[in-house]
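Quick mapping for you: the protein sequence lines, in order, are chains A and B. Once you know that position 191 of the first sequence is 191 in this note's numbering, the rest is easy, because the numbers rise by one and skip nothing. Once you know that position 42 of the second sequence is 1042 in this note's numbering, the rest is easy, because the numbers rise by one and skip nothing.
Please note that a few of the clues may not be correct.
[As the list claims (entries may be wrong)] With a cut-off of at most 27 Å between alpha-carbon atoms, the simulated DSS-like pairs for lysine-lysine come out as follows:
1. A:128 <-> A:141
2. B:1094 <-> B:1172
3. B:1173 <-> A:128
4. A:21 <-> B:1173
5. B:1094 <-> B:1173
6. B:1094 <-> A:128
Just so you know, the hints here were simulated from the structure itself, not pulled from any lab data.
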Amino acid sequence: MNALSLRQLNKTYPGGVTALKDVDLDVPPGDFFGLLGPNGAGKTTIIGIVASLVRPTSGSVSVFGHDIGRNPWEAKSNLGLVPQEFNFNQFETVSQIVLNQAGYYGIDRRTARERAERYLRELDLWGKRDASSRSLSGGMKRRLMIARALIHEPRLLILDEPTAGVDIELRRSMWDFLRQMNERGTTIILTTHYLEEAESLCRNIGIIDGGQIVENTDVRTLLSKLKSQSFLLDISAPVSQLPELPDFYVVPIDERTIEVEIHGEQTLTDLFTHLNGSGVTVTSMKNKSNRLEELFVRMLGKHETPAVTEEA
Amino acid sequence: MAALYPAYPRQTLTALRTLAWKETQRYLRIWVQTLVPPAITMTLYFIIFGNLIGSRVGPMDGYSFMEFIAPGIIMMAVITNSYTNVVSSFFGAKFQRHIEELLVSPTPNYVILAGYVAGGVGRGLFTGLIVTIIASFFADLSIHSVPVTVSVVFLTAVLFSIGGFLNGMFAKKFDDIAIVPTFILTPLTYLGGVFYSVSLLPDFWQGLSLANPILYMVNAFRYGILGSSDIPLGIAYTLVLAFIVAGTWLSLWLLQRGTGLRS
């Protein structure tokens, strides 16, 4: 039984904009699934439909085998949502927000209090439990939405751009938290603009474009489709004294840095052998770009690079 | 439409209790905005209309003017506050988008409606009680029929809470939540026999007044307190109950469709 199953999901918004076309998607239990796609591709529409915030034009959604229309209580109790935008009551305290959410899932107050303490502590919000939610920093607000989504202990957690606009340190700690959640058995689906995030966290990836799933596979297979990789090398000799590297595409970056693209069957050993034979020492090396991002841009056939630094 | 018997009764009750208590906490938290203004406004009504002007008006339907207007003013507070509470809170939840907390949860639609209505009824009755206490300083209020008084005030609070809910469902901007209270609710309340007996009006206006549902509630409540009414009690109950049923059905239908909530 899949954690999430979408069958022939279609959505046409009033006004005629078609957001989804016959989307079929299965996410197995325990997966860490990344849903990627450019702005307007249909990611948020999919999540909206799964979370009952958007009505599908046709098609069905089931969560752990429960159809959201026919068995809403069972389906929704298995699902936790962390939306993209802050959507809690600005006038309530952190505790009130998570406790009320527990109540909406039919969880008694005593159990809710125990869980609230556990999740607020885990997300480093316990000290702020009596603070008004509007007084929290952006990162805290985002963690509050995670705590709220976990209070009914869903088996499937969906996060829509969870780390958009948060600083690097917090992003890393959220990654660790999500990895732990996944290791403990929670299926996680996230949409993200940060392709590094998807590459680092997700086991499987679906790419959506123009309302259709254009790719759905595991990260390794996806990356193997990328035939070339670029590396930045810092070298001991000035670039002007660099020997010919006939099989490699080399671009000088500055006095002692070059960019080298390696294709198909070529290996780094080939490159180093060439350089070593000419007496050039490589002092350091790094992968030039996020590979998944490279692939993403190529697959979608678009020239603009997705926003990788800040959420639009 | 929801099943008559919930699949998860205990959990459904917890959800209802949570939402009703949250709504109660909301109007108690902002008591300066919710409970104090009606106390001040209604005190002014009693002083100006009841005391200063009323002493020169003479008896109305056989009661002193102060005695006559007291039930109407209490009812006015109940109507306004029930309606305002739900429309403000529900539209606020839509505007801030925290209504999504409920929409993603398994809370059934009828619990969402009942929870908001509970908040509105609570504030309406609380305000009604405050105004009754104030009224008792100005008039000797002895209740003629407790069952009528209590049932009418309760049903009226329910009806206007549902009205506020419907207004909140349709509202797209803040203007929309002010238009109905300003242009419909307030005129109907003032023309609903709060300050006068409709028997004073010429026939045409008397007939027209009978199309005003608030007239029936004010008069039924006045009957409960004083034992006198311009209209038969049975009609008042029938009308209020019919409006409640229709309003509930419409609210649940709109919730099911997701009007203004789900795109």
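Hint-by-hint comparison with the structure:
1. A threshold of 27 Å between alpha carbons decides the hint, and for residue 128 (chain A) with residue 141 (chain A) the separation of about 11 Å falls inside it, so the pair holds.
2. For a cut-off of 27 Å, the pair hint linking residue 1094 (chain B) to residue 1172 (chain B) stands: about 9 Å separates their Cα positions.
3. For the hint linking residue 1173 (chain B) to residue 128 (chain A), the alpha-carbon distance of about 32 Å lies beyond 27 Å, and the restraint is violated.
4. Using a Cα cut-off of 27 Å, the hinted pair residue 21 (chain A) and residue 1173 (chain B) is violated, with the two alpha carbons roughly 32 Å apart.
5. Of the pairs offered as hints, the one joining residue 1094 (chain B) and residue 1173 (chain B) holds, with about 10 Å between alpha carbons and a cut-off of 27 Å not exceeded.
6. Between the alpha carbons of residue 1094 (chain B) and residue 128 (chain A) the distance comes to roughly 26 Å, so the proposed pair stays at or under 27 Å and holds.
Checked against the numbered hints listed earlier, the structure breaks hints 3, 4; every other hint is satisfied.
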